[in-house]
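**Student:** Using the hints, put the two chains back together into the complex; each one sits in its own frame.
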Amino acid sequence: MSRHIQLTEQGRLKHFLSIEGLSRELLTEILDTAESFSGMAGHQIKKVPLLRGKTIINLFFENSTRTRTTFELAATRLSADVLNMNIATSATSKGESLLDTIRNLEAMHVDMFVVRHALSGAAHFIAQHTAPHISVINAGDGQHAHPTQAMLDMFTIRQHKKQFAGLKVAIVGDILHSRVARSQILALNSLGVDQVRVIAPKTLLPAHVKDMGVIDLHDMAEGLADVDVIIMLRLQKERMNSAFLPSESEYFRCFGLNEAKLKYAKSDVIVMHPGPINRGVEIASSVADGPHSVILQQVSNGIAVRMAIMSMTMQSHGVSA
Amino acid sequence: MSRILIRNGRIIDPASRLDAIGCLAIADERILSVLSEPAGFNPDTVIDAAGQIVCPGFVDLSARLREPGHSHKGNILSETRAAASAGVTSLCLPPDTKPVIDMPSVVEYIKDKAEKAGYPQIYSIGALTHRLGGGELSAMFGLKQSGCIAVSNASEPLANMLILRRAMEYAGSHNLLLMYRANDASLSGDGCAHEGAVASRYGLPGIPEAAESIALAQCLELAELTGCRVHISQISCKQSVIKIQQAKKYGLNISADVAIHQLHLTENDIKPFDSSYHVIPPLRSDTDRKYLLAGLANGTLDAVSSDHQPHDLDAKLGAFPETEPGVSALETLLPLMLALSDQKIIGLSHAIATLTRNPARILGLDCGILSPGSPADICIFDPNASWEINERNWRSAGRNTPYWGQTLRGRVSHTIQAGKIIYSLPECS
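Quick mapping for you: the protein sequence lines, in order, are chains A and B. The first sequence begins at 201 in my numbering and counts up by one. The second sequence begins at 20 in my numbering and counts up by one.
A portion of the hints provided could be inaccurate.
Unchecked claim - Simulated coverage check for chain A against chain B, where a stretch passes if three residues somewhere in it have a Cβ under 8 Å from a Cβ of chain B:
no. : stretch
1   : 315–321
2   : 334–348
3   : 408–417
Stated by the list, open to error - Pulled a few chain B residues facing chain A out of the computed Cβ check, cut under 8 Å:
no. : residue
4   : G215
5   : A216
6   : S219
7   : Y221
8   : L223
9   : G225
10  : L336
As the list claims (entries may be wrong) - The calculated label-pair distances, taken between Cβ atoms and stated as ranges, are:
no. : chain 1 : residue 1 : chain 2 : residue 2 : range
11  : A       : K463      : B       : K290      : 42 to 48 Å
12  : A       : G221      : B       : E48       : 57 to 63 Å
13  : A       : I415      : B       : E407      : 43 to 49 Å
Read the hints as simulated data drawn from the structure, not as lab findings. C-beta: ideal position from N, C-alpha, C; glycine also.
Same shape as in the complex, but just chain B (with noise of 0.2 Å):
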């Protein structure tokens, strides 16, 4: 039995069209009450959030936690551990790890990591295909059953458009959700950077814009023809958000996220030759960084996820083609969402929504909403507080951020997830 009361927060719930002071009451792992004390409510902790806003925990579509098969980058413990302190209390796990989750067994064992280590809820995503290989459709019933949220080939590319066709069909069969990761592989070749002007410059293989959006435009036709429910995950070009926008319009059953990153940076941030800038989808133009944030903000792209990456430092030491893609991004990823409300590009609960209650909503959860009853899944952060990035705050194991040594605003104070705090701020706590 764990009881606890949060006092005196600016309570900020997107799906309830909440934004008021209050307290919220938490009793076992639900959501009590909302603005109002129960009568006779005895907590055993009570938290002060004076200043503080309190928000449904994150949904994140894609972070990488690199266990199983690549525990020298990370492991679920330390990336569950970064993930509550940056008030993510779900996140969804890649297929590609070693072994690739194509099995139930590989689903239990993350499962089994997940609960020793007890912070976010972890929801595994099967591999579409067998071994990620691209030509053979992977035991998605039996993955779904084992607990798998959703199915996708996560950045691997597919034999031939049958194979999306047919995976399609028996995904939808199942009802699982399929995650479709557009990228033509023959027009992404090689390619480490945006085929624009910087890479043009610094003689980086480039990969265009098309590469993406005509493998978008195929998988849109197949979603139309079979009928299945798709998620595009972290488009990062104009045609890709136009796309979107029009199969929205008219009526195809289809959601989108994007990468926090892809909305801050573009090719021209680019340090020359920096590999912490190596990102794929790579760091676009302007141009397509302006129709990113117009379609976050009008609602054609549903979610921001942080597309967590963590590596380890030699993966990024070397010459810029041959380092690997991504960046450490779930501990930035509040902060800089907070920056684009800052900016005035969409307002403080539309951000809180794309990390709530819209990606929960695609997964199909409860969460991601307060209202009583609901999971009590909590963030609580401080929208003003001020810190640096540096060996002594960051707890992901990979520190592959182009923002390392800079200061952003916007803290987690307190993360709560299913009833149980999972990460106080050392001075807070």
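Just chain A, with the same shape it has in the complex (with noise of 0.2 Å):
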């Protein structure tokens, strides 16, 4: 059922919540889309009239610049309307329902909800109860997905590589809870690569990752063994001193990015970061600032990528990309 909420009977996006369910040929057709928008930066006149007289809302009930900023700059350049709530700071703290808030702001006659919440499932929650004209993108819910940030990922991934077949992919860091690392499962799984590989201590991995279809590994010597991509995870402060790592300094020395660790991947092995870095934590920045780092081409992409979702969701209400 819900896992295809977010299609139409015709199988186009209606709204984007997850990578779940999404064939190859629409993610392809997502980075495809994007690509053709990607080119645009370089133009005196950075907008498409694509979406003009449409009205978004960033829904933001978690504090987020960076995602928030790369939304507005898409929905700006689709020519959209763009209003920005951050609901961290108002209504819910009120004690106003998340359903409430959606009511209330459907009420406004808006065409689309970018939405960032802190519980898993937030985003499709949304996605059921508002009103059938409004299209909803996942920004972020919780531990269970980022799709937009993965297929910015992706899009980065097949700007140096080409093509996703034959790909040894890495994900290095906290995977238990990161939403951006069970995103990029699911797209780089869907989108053909050879191997995505886990790399973590057990107290960062999720029980039952094997069945999510990586290989988990807890050393990086064994675990960047001749890799064409190095996905790094931010780390949240807190995990340190507490019942998951003793140290910021032991989690650097096992699992940290340096460029002794990098001599184990492939010569070209490209590296990512989806932000923002905690340098001298997961990443040096030797690393995080060197050759093989494409951590700034990520930010940018997100953009087009971001431009190229909003585009296609809103697709359904007859807006042709």
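**Tutor:** Written out as structure tokens, the structure is:
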């Protein structure tokens, strides 16, 4: 059922909530569409009128300046009207329920919600309960999914590696709490890479991570051997000095990416990170700023990919991309 | 004076190993005769039970009625009426009401409300600790005197093992049954789903099986140390079944039940983020379910409870982790139990025993049996009648069931409690 909640009867994108259930063809279409937008950044006029007259609300129940900004830029470049709402600091703290917030905003004739929420499933819930003409894009829900981030990562990988077949990809760090990793794993497998490895201590891996179609490893030498892509995840400071991890220095020694560990990978490996990075915690500055790093390209690709997803979901409203 | 004659029904009474077609006579609050009609018996009501099964009324070990304290979710009247329509004649009310059942006045209040409602017999379970806080023993003797049938800490954690030990010793001194829901709060944390493949994939905070089985192992050790009679409530996983089986083999005086939904659903049935599947303990893996079913079939698990937890709409509206756990389950109890018998997992008589004599024996009640002189608590149902779960047929104030809109087989036509017809299916009356 709700596996297909994000698709129309014709199999087109209505919402964008998760990578789950989306075919390789559809994911490829998103990447192709994003490519057509990515050239625009160099133009004098960076706007297209695809979503002119449409109203998009960035509904952030959890603070995130970077993700919100790229969504805002993407919407602006599609000529939509954008309203930012930081609910983390307003309505729900006054006891208003998630549903009431949605209903109130719906009444203002919006066309799309871009939602970030601290709980897994929040975007699904909103998509199920919102008016049928509204599209919902998941900008991160709890530990469940961050599908636009995953797609911009796929876009960046394709830019550098041309195709997914044959690639070995390692995702390193706090997989357990990472919605980004969950979406990346689904996307990489759907797009047909050769191997997805996750590298972390067991405290930071989901109990049944193997069922997600990955190889789980606890050692960087073994895990990075011969990989084409390394994705480093951000480690939240609150995991330190807790039951998850003893200390920053021990984590960096075991799982931090430095130049020595980078040598285990293929010579043309690319290093990615969804940001914001913790220098010296999960990644050394020399690697983050080094020749293999594509971290800043990920950020610029984020705009084109989000433009693609926004315009594709709005096609169900008769907008043609 | 009420005299009821039930004719032509298939009488199944697991306690007396009876399965035969015949009549059953009731005079006042007791059963007068089974299979034979006493000479000169002059009933004022005759029920024709042709094609139906006549069995003892169901005894539910755990049903939340939401009163006192949470009457926006349901109340004693609405939920006991639902229970009556489900064939339940006795039910146990866990102590996590508001105020908590830790004082005789609360027990009295519930008794009073129950009498006015006039549906199934409600047995209050007293709080094991003061306000269920987990740190201080409740006044158990007073609770017992006011009518509490057992003590438990509901789903609330105890401060430490010493409190559980002392609670067992004290409850044992007053010959009170201690009901225990095994959960190590530090291991279950803020989990809302089984720590398995589904929670891993959907990023839902997980509850490992060990959260239950470790707490259970500790409880069993203390039951042995103290000699307290312990009932393990609503287990969910393989290791718990194994541990209970071992403990029983070893001779420990314990019993256990499982909630009906755990016998039917697993993590794989959860539709993504559908809060009607949010229950605690969570829906586990296929392996766990297989062990629960085997445990039921081989007698390791004595009874099946509804674990009825009605909710208002708002409680289930939200992102999965923030919704409240629990299923409104009384009215699906019989059909789901019959389905297990249809699937040849357990025999029909055994299925009925897990809802009648077995829970009654755990509680030390003399009901759950159809023999002359026993309380006239009786359920009559049509095992082949299909009905749809919808607004028209549903009585509980809580509509939070994963079975909403589905058609189930097996429907109660009459419920008799203490010789009084407390429910008859509108079509039959």
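**Student:** Compare the structure with each hint and give your call.
**Tutor:** Each hint, compared with the structure:
Counting residues of the stretch 315–321 of chain A whose CB lies closer than 8 Å to any CB of chain B gives 4, which reaches the minimum of 3, so the coverage claim holds. Counting residues of the stretch 334–348 of chain A whose CB lies closer than 8 Å to any CB of chain B gives 5, which reaches the minimum of 3, so the coverage claim holds. For a cut-off of 8 Å, the count of residues in the stretch 408–417 of chain A with a CB near a CB of chain B stands at 4, and the three-residue condition holds. The beta carbon of B/G215 comes within 5 Å of a beta carbon in chain A, closer than 8 Å, and the hint placing it at the interface holds.
For B/A216, the interface hint holds, since its Cβ comes within 8 Å of a Cβ in chain A; the closest pair sits about 4 Å apart. Interface restraint check: B/S219 against chain A, minimum CB-CB distance 4 Å, threshold 8 Å, status holds. This hint holds: B/Y221 has a C-beta 5 Å from the nearest C-beta of chain A, less than the 8 Å allowed. Hint on B/L223 holds. Least Cβ distance to chain A is approximately 5 Å, under the 8 Å limit.
With its C-beta approaching chain A no nearer than about 6 Å, B/G225 sits inside the 8 Å limit, and its interface hint holds. Here the hint on B/L336 is kept, as its CB sits about 6 Å from the closest CB of chain A, short of 8 Å. Here the CB-CB span from A/K463 to B/K290 is close to 47 Å, well matched to the stated 42 to 48 Å. In this structure the hint that A/G221 and B/E48 lie 57 to 63 Å apart at CB holds, the actual value being about 58 Å.
For the pair A/I415 and B/E407, the beta carbons lie near 47 Å from each other, so the given range of 43 to 49 Å is met.
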